[in-house]
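Undergrad: When we follow the working numbering, the leftmost residue of the sequence shown carries the number 1, and every step to the right adds one.
Treat the hints loosely; a few may be bogus.
The calculated DSSO-like cross-link candidates involving lysine-lysine, where the alpha carbons are at most 27 Å apart (straight line), are [what the hints assert, rightly or not]:
id: 1; residue 1: 245; residue 2: 184
id: 2; residue 1: 188; residue 2: 109
id: 3; residue 1: 188; residue 2: 203
id: 4; residue 1: 188; residue 2: 245
id: 5; residue 1: 253; residue 2: 140
id: 6; residue 1: 109; residue 2: 311
id: 7; residue 1: 188; residue 2: 253
id: 8; residue 1: 184; residue 2: 253
id: 9; residue 1: 140; residue 2: 203
id: 10; residue 1: 109; residue 2: 253
id: 11; residue 1: 140; residue 2: 184
id: 12; residue 1: 245; residue 2: 140
id: 13; residue 1: 203; residue 2: 109
id: 14; residue 1: 311; residue 2: 245
Pair ranges (Cβ atoms, derived) [unchecked claim]:
id: 15; residue 1: 79; residue 2: 156; range: 41 to 47 Å
id: 16; residue 1: 88; residue 2: 184; range: 33 to 39 Å
id: 17; residue 1: 72; residue 2: 322; range: 49 to 55 Å
id: 18; residue 1: 188; residue 2: 87; range: 26 to 32 Å
Hints are computed from structural coordinates only; laboratory data are not their basis.
Note that the structure is a prediction, hence the values are computed from the model and not measured.
Ideal Cβ positions, reconstructed from N, Cα and C, are used throughout, including at glycine.
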Amino acid sequence: MYAESPGQKMKIAEILLKKIPPTTPTASLSKVKKLKSRKLKKNLPQSHYPIEDLMDTNTYQHFSRIVDIIFDSMEDIDFSVVIDEDTECAAEVLVPLNQLQDLSNEAAKLKRLHATNQFPPERLVRLLAILERNIVDGAKLLPMQGLEEQDEEETRLWLELTMERVMRSADASLTALYIMTSPKMPEKVFLEDVIERITLFVKFQLHNTVFPVFDPAYRLDPKSKDGYAGNIKQKRAHAHKVKEKSTLQLYNKLHESVSLLAELLELQTLPDTIILQVSTLGVSPFFVEGISELQLNALRLVTTVFSRYDKHRQLILEDILASIARLPTSKRSLRNYRLNSEENIQMLTALVLQLIHSVVKLPEPDVDTKKENVLLMKNIPKILKLKKKFILIKMFFSLHLMKLQ
């Protein structure tokens, strides 16, 4: 074996020392501290960030800059004027679509950071007034109407123009909902007019744009007396997968809005006029094929209304009964709600079960046994009152399933 001389060993040691940079105790300690602080910051819950740190984030700064640009462009506009729904919105109150998409994305990030409540409430209220105008602009547009009668170029132009306005309304709705559903928001941002506009917009676009594209049973037939074409089962048999990119984007924005509306209802008590619209909006998706993501969000929305608003329970059950004939008929839509890794049930079954459970108010863990029994006894008349409607739903549902077999 080759042995190194003492002189060679010294030379090797010198070379190695040159390659390795000298480390001081203070340098290594500062590195450890930096790593620890990074770890702590990473593990710190978003809601526990110091206010100064939240306001210094890129998200907060970017959101603030976009709002400043929008306000500067609309400095001379009086937003206290009542909106006239019969006339088109003035161009100067409309936010460019790409700008509104940026604003919506930043509003969603701010909500996740729990930082929206640090934004001045007066500025948020003014922003919501601007968003309301943008929601109204595309609220009653029908991008898919009369496309069969137009040539390819006309169809493309019409879709492009109308979809841009509808998408602007969708992004404005999402932005407003992200703001209102953020944690610890002041009462003044819960503007009922804006919430009602959002509900009406989502409901109209689902019924008139999304449902007919996903489910042929909802396509209008001018020759038919009721407006809808004949045999539902036959129509659904010829359904095709939706490929239109703009329609899929709109669908995704609308089902996200439904989810946020459910969240909003858990935070805020709303008047009956809005709840009526919300409940019909929530029930309708259960009778449409191919929209399972929307149905899951609608499940939460309807259950929230049912548990919090006693007066609307009968109306919701009547809505369900009146729509059973339109239940999805294809095998792929029969059992969309996953119970566990092996079992699935129909979405309507999941809804009915959730509604029954939502009526019962369980006592708090620290309530004594006597009070607990009283509370549970108080729930019984409520359930018995709704029992007949639930039995009817079960009966009609069973008949519908028998027809499919």
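Undergrad: Hint compliance check: list the failing hint numbers for this structure, sorted ascending.
TA: 1, 4, 6, 11, 14, 15
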